[in-house]
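Take the sequences, apply the hints, and build the full model.
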Amino acid sequence: MHLSLPALALACTGLIGLALGLIFFYAPTDGDQGFSQRIFYFHVPIALTSYVCFGWGAWKALRYLRKRDERADLESYVAIHQGVMFGALTLVTGSIWAKASWGVWWSWSENQLVLFLVLFLFYCAYFMLRFSVEPGPARANMCAVYALFGVVLIPVSFLAIRLSQKFIHPVVFNAHGPQMTGSQFFVFCVSLAGVLALFATLYQVELAGKRLDAHVRELRELLT
Amino acid sequence: MIGGGYAADVGALARKDLLLELRAKETLPSMLLFVIAALTIFHFALPHGTSHAAALGLLWAALIFTALLGLTRAFVAEREQGMFDALVLAPCDRSAIWLGKALAVLAFLVAAEVVALPAFAAFFSGLDGRTVAAVALADVGIATVGTLFGAMAVAGRARELLLPLLFLPMAIPIVVGGVGGYLWFLALYDAIFAVLSWAAFEYVVSET
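Residue numbers (the working numbering), protein chains in the order written: chain A, 1 to 224; chain B, 1 to 208.
Honestly, the hints are just simulated from the structure, not real lab data. Fair warning: this is a prediction, and the values are worked out from it, not measured in the lab. Heads up, none of these hints are tricks.
Just some of the chain A residues that point at chain B, by a computed CB distance under 7 Å:
| hint | residue |
| --- | --- |
| 1 | 132 |
| 2 | 138 |
| 3 | 164 |
We put the beta carbon where it would ideally sit given N, CA and C, even for glycine.
This is the structure we're talking about:
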């Protein structure tokens, strides 16, 4: 985890570039959905990365509650912020894919999309909570508790949405492992690594910015 | 603080809220009026000869919003009169504050529904036992999660605005379980979030 930021950014650029090349020139065209299926190599890694962000945010929240480490509060916030951005991207790419394959922008029977809508609503309220409470330990506590509720809400909501709907979303992973050919799975893994590296880079950038911001504030307080 | 002492603390705290309500009569009458008014609006919003399923869906919407009305009021007295600090300083386990409040909220919800469900049955197409059981289970979930989030929301500047934003995404699984009549799912939801809220409340009210 102690890669320097430029190295991380370089790795991210390389991986995303490689993934783009593989997606457009190497991955086989899907027999069923044609060219538009290639968005899958971005849509699904972005969705998975967004779960990783929320999970990471909750992990940091738990660390804050146990260790009272102030840095963990900021890290949790930044991870959830990234998660909401990747979540918004998931909604957008999912909508584009739904339009291309089913002819509609939104499909309530597409479980992942609905789940992301619920999570998006839940985590947007996180920012409302965070920015309406005065900064301090009380706020950090509440935000940490809310972040922990979020990761518990993910499986509960997923179950609820599955209960409520017919199941027409293409299931790529099931109990028998990935339903992809070897070359598809390879491209998917490269793309997933690229998006995860993007998350790691953006996370470090935002964290560095926020820390600098806090530091400048402290200095200004000292000067005035 | 576990055992008899804990139960006594919870009982005293819940009794305090119920007594306050009996004397001031602020929350429950407004919840009752709200739910009846909402059901009346739904009667006019639904086209003539609507199916039972559509009416049942609106019943759930009415119940969630009525609960929200009660939850918004739940911690207002504590915050406005500075009673929160006294409660947190009191020599009792902090989760007892949550449990007492959740029991009081549950009592308000049940009282509102004792009126709302027969009204729904009379206005629309009747009720079955499964829906009543689902409403009872949903009340537990609403009271547990809602009390915790209510305590969070009163700390913010825009408290009445904040609670619906925090609570409604959490209520989506309750509505799914309620409309579908999945009692096991509602019981699962109650168990998971009751334990989580019970464990987390201490952090929500502590200032350090």
